[in-house]
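Undergrad: Top line first, the protein sequences correspond to chains A and B.
Those letters in the first sequence? Residues 1 to 199, per the working numbering, in order.
Those letters in the second sequence? Residues 1 to 199, per the working numbering, in order.
Derived by calculation from the structure, the hints in this document are not laboratory data.
Cβ coordinates follow ideal geometry from the N, Cα and C atoms, glycine included.
A hint or two may mislead.
[What the hints assert, rightly or not] A few chain B residues facing chain A, derived, Cβ under 10 Å: (1) K12; (2) D53; (3) S94; (4) L131; (5) L189; (6) A190.
[What the hints assert, rightly or not] Here are some chain B residues pointing at chain A (derived, C-beta under 8 Å): (7) P19; (8) G20; (9) S35; (10) R38; (11) I44; (12) A47; (13) R78; (14) T88.
[Unchecked claim] Chain A residues, not near chain B, derived (Cβ > 10 Å throughout): (15) F31; (16) D37; (17) H124; (18) G179; (19) T188; (20) L189.
Number of protein chains: 2
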Amino acid sequence: MADARNVLDALKEALRRLPGVGPKSAQRMAFHLLSRDREGARAIARALTQAADRIVHCKRCNNLGEEELCAICASPRRDRSLLCIVETPSDLASLEQSGAYQGLYFVLMGRLSPLDGIGPEEIHIPRLENLLDEGGVKEVVLATNPTAEGEATAHYIGELVRARGIKATRIAYGVPVGGELEYTDRSTLARALSGRREA
Amino acid sequence: MADARNVLDALKEALRRLPGVGPKSAQRMAFHLLSRDREGARAIARALTQAADRIVHCKRCNNLGEEELCAICASPRRDRSLLCIVETPSDLASLEQSGAYQGLYFVLMGRLSPLDGIGPEEIHIPRLENLLDEGGVKEVVLATNPTAEGEATAHYIGELVRARGIKATRIAYGVPVGGELEYTDRSTLARALSGRREA
Numbered sequence: 001m002a003d004a005r006n007v008l009d010a011l012k013e014a015l016r017r018l019p020g021v022g023p024k025s026a027q028r029m030a031f032h033l034l035s036r037d038r039e040g041a042r043a044i045a046r047a048l049t050q051a052a053d054r055i056v057h058c059k060r061c062n063n064l065g066e067e068e069l070c071a072i073c074a075s076p077r078r079d080r081s082l083l084c085i086v087e088t089p090s091d092l093a094s095l096e097q098s099g100a101y102q103g104l105y106f107v108l109m110g111r112l113s114p115l116d117g118i119g120p121e122e123i124h125i126p127r128l129e130n131l132l133d134e135g136g137v138k139e140v141v142l143a144t145n146p147t148a149e150g151e152a153t154a155h156y157i158g159e160l161v162r163a164r165g166i167k168a169t170r171i172a173y174g175v176p177v178g179g180e181l182e183y184t185d186r187s188t189l190a191r192a193l194s195g196r197r198e199a
Numbered sequence: 001m002a003d004a005r006n007v008l009d010a011l012k013e014a015l016r017r018l019p020g021v022g023p024k025s026a027q028r029m030a031f032h033l034l035s036r037d038r039e040g041a042r043a044i045a046r047a048l049t050q051a052a053d054r055i056v057h058c059k060r061c062n063n064l065g066e067e068e069l070c071a072i073c074a075s076p077r078r079d080r081s082l083l084c085i086v087e088t089p090s091d092l093a094s095l096e097q098s099g100a101y102q103g104l105y106f107v108l109m110g111r112l113s114p115l116d117g118i119g120p121e122e123i124h125i126p127r128l129e130n131l132l133d134e135g136g137v138k139e140v141v142l143a144t145n146p147t148a149e150g151e152a153t154a155h156y157i158g159e160l161v162r163a164r165g166i167k168a169t170r171i172a173y174g175v176p177v178g179g180e181l182e183y184t185d186r187s188t189l190a191r192a193l194s195g196r197r198e199a
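Using the sequences plus the hints, can you model the full thing?
TA: Here's what the structure looks like:
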């Protein structure tokens with residue numbers, strides 16, 4: 001039989017596998033659930049098990065869903081001539097929540113990072129090339145993050161896209177809406193200036 | 001059969017029951033576990049279920065553990081003449097981690113807050129009084145938080161303790177070790193000054 005502290009320690013240890021959760025937060029979460037919301041603990045356990053069992057990656061775009069083909073790829077209402085490239089399913093969800101995009105997606109599940117051994121194969125570039133070669137895509141929207149690796153990834157994919165005679169665009173980076181110039185960092189201001197458009 | 005987004009949405013919704021987790025963090029956690037650490041999702045689910053099934057409140061001090069009597073209350077090595085009053089099992093764990101206390105505890109599972117309907121009954125004062133009346137406790141260390149409600153709770157319990165001819169002490173509040181006076185707030189500095197001792 002386990003020692004009195006072991007089940008609790010095991011829970012704290014397990015909660016640390018959540019991104020952004022350190023030892024203090026894990027302890028706070030464990031105590032909160034056990035002292036004040038035990039039904040919550042069971043609800044989270046059920047939701048996690050069900051999701052781990054049933055959620056799969058879309059065979060076309062890598063997005064998460066319950067079917068072989070995700071709801072976006074399967075939808076007849078999406079514009080199939082537009083393909084937006086993102087790094088993660090979270091990025092896809094954020095763009096969807098903006099409501100400003102009606103095309104399809106391709107989720108790289110990462111970004112090029114040769115030092116970490118992440119090359120074109122690891123971010124599913126061969127599958128992306130097949131998708132482009134199938135035809136139908138008229139514009140590829142590169143929405144990788146504005147980090148050095150995200151930029152390199154966008155650049156790399158941009159070349160593949162243009163080599164096929166398809167238009168490649170990059171989403172705009174600049175001062176966030178509601179942001180203030182005074183509190184905007186230098187790199188963002190530089191991007192905002194170089195990306196200026198006629199008013 | 002559930003819609004493609006439902007299992008994922010249910011997971012995000014469930015994760016929001018964790019303290020300090022809003023919609024963005026819940027989404028990030030869900031995507032991280034499903035894209036990169038599915039075994040982590042299952043491990044957390046198992047640990048939560050096991051803890052929810054097996055962890056109980058100690059019948060003497062309210063601390064969390066696997067037995068009727070927690071490891072601290074059951075230990076023959078603890079000083080039974082000292083009783084430390086804390087608001088939550090987290091506070092108890094923090095004090096234990098300091099390694100500076102060898103007595104027993106009593107966890108209130110809250111603090112007095114008449115406006116929220118939390119009176120002496122809700123924080124187990126009758127049980128604490130029985131414990132004091134059993135005899136053996138020579139000093140009660142009041143370690144509630146230095147908030148208005150925590151202070152009121154400490155004051156209230158202090159009266160009960162002294163009425164029984166038992167010594168009541170309050171832990172020291174002041175400038176944190178490693179803290180700087182310049183960045184310490186006024187109330188803390190006031191406490192540090194009023195709590196000054198001969199050097």
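Undergrad: Quick check: which numbered hints come out false for this structure?
TA: Violated hints: 4, 5, 6, 13, 15, 16; rest satisfied.
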